[in-house]
Amino acid sequence: MTKSERERLFLDLFQNRRSSLQRLCYGFLGSSQDVEDLFQEIMTNVWNSLPSFRGESALNTWVYRIAVNTALVYRKKMKRGEELPELPDAGISAHQNLEQKERLAALRRAIASLADQDRLIVTLLLEGLSYKEIAEITGLTVNYVGVKISRSKQTIEQLMTEVNHGGI
Amino acid sequence: MAEFEGLQVPFDELQELWQSQSSRLPLGIDASGLSSELRRFGRQQTWINLIKVAVLIRLFWRILTASHWAPLAVSGLLLMYVGLVTYLVLDWRNQIGLSRLNFSAPSVEFIRDARLRLQHQLNPMRRVFWLLVVTVGGGFNLMMLADHGSSLLGRISEHLIATTLPFGAYVLGQRIRQFRFKRECGAVMERLDTLLRELEEKSS
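Line by line, the protein sequences give chains A and B. In this text, residue positions in the first sequence follow this note's numbering: the first is 519, and each later residue adds one. In this text, residue positions in the second sequence follow this note's numbering: the first is 156, and each later residue adds one.
Everything labelled a hint here was simulated from the structure, so no lab data went into it. All clues stand as given, with none of them false.
Listed next, with one range per pair, are the computed distances between beta-carbon atoms:
hint, chain 1, residue 1, chain 2, residue 2, range
1, B, L277, A, A633, 24 to 32 Å
2, A, L527, B, R352, 33 to 41 Å
3, A, E574, B, P165, 32 to 40 Å
In this text, a Cβ means the ideal position worked out from N, Cα and C, and glycines have one as well.
The whole structure should be built from the sequences, with the hints applied where relevant.
Below, the structure is given as structure tokens:
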């Protein structure tokens, strides 16, 4: 891979995957300051790994692998159980109703309550990846990914139901 | 599209909601700036290693000229440098290995590899311990032999020091390394262990 090819691919990845990677960081960390740090680390690792990209896996899988692995070894500043800071209008426009805002906040809280690996898996699922793709990214079996997702869904369901009934 | 079973909100709706958090996150990163920073980081690492090499070469030349090219001193110096260069190359290679983890590997494989490479940092000289002791100690002793100025007792003590010094340096170096490892890598190692244990237990 030549220098210009590397730079072009990096910029393409940066422009096309930025939003989804940022959401993955947010799903994993919750804190907006840490999201920026983790995102920069992911992009650093993407840049460093680009020369070894041989196209053996799909570019999407390859990028998510880097993102997930970086997140797993990332030393976050936020302690578990800490209250999630409110994101400044994170994509919710003014005309969207209060119910949707509450639902998104509840979803974020529910994701934050999951274990490290489960948070990443659920975030990947929310990004629209299939079980097979998630298995390729994490190195787990498809069945085990299914088990993990099923458990996480139960937790999320429980927490979101509690919100609906005014439990939180 | 699937739903969260029993959940009142359809999953595709949750997906849509999740993905609606587009690029409004407070990030002010400029991609071109980031790539130039990355290149600078790579250059910095190379410079650090080049400085180490330059110091070794300079030291080599100074000792060589101070010894007036005496054959025993030159042989001793060369032997010592075999050990020192081996140490530097191995340490350099380990550091590069750690900084070039394969982040694009599946997570299970990645975590195993990261843990292994991190553990190598604890005692990178384990496999070449005797080579280091023999070359550095032997070289030092040869250099002492070239010095005929001291009394017999003085020369015996010089050789004793030259022989025990590499062992002492190794023990001290290891203690410092272990202390630093515990302080700098302890938390990461613990985290990797937990992740790996969780993965291996449940995915097997």
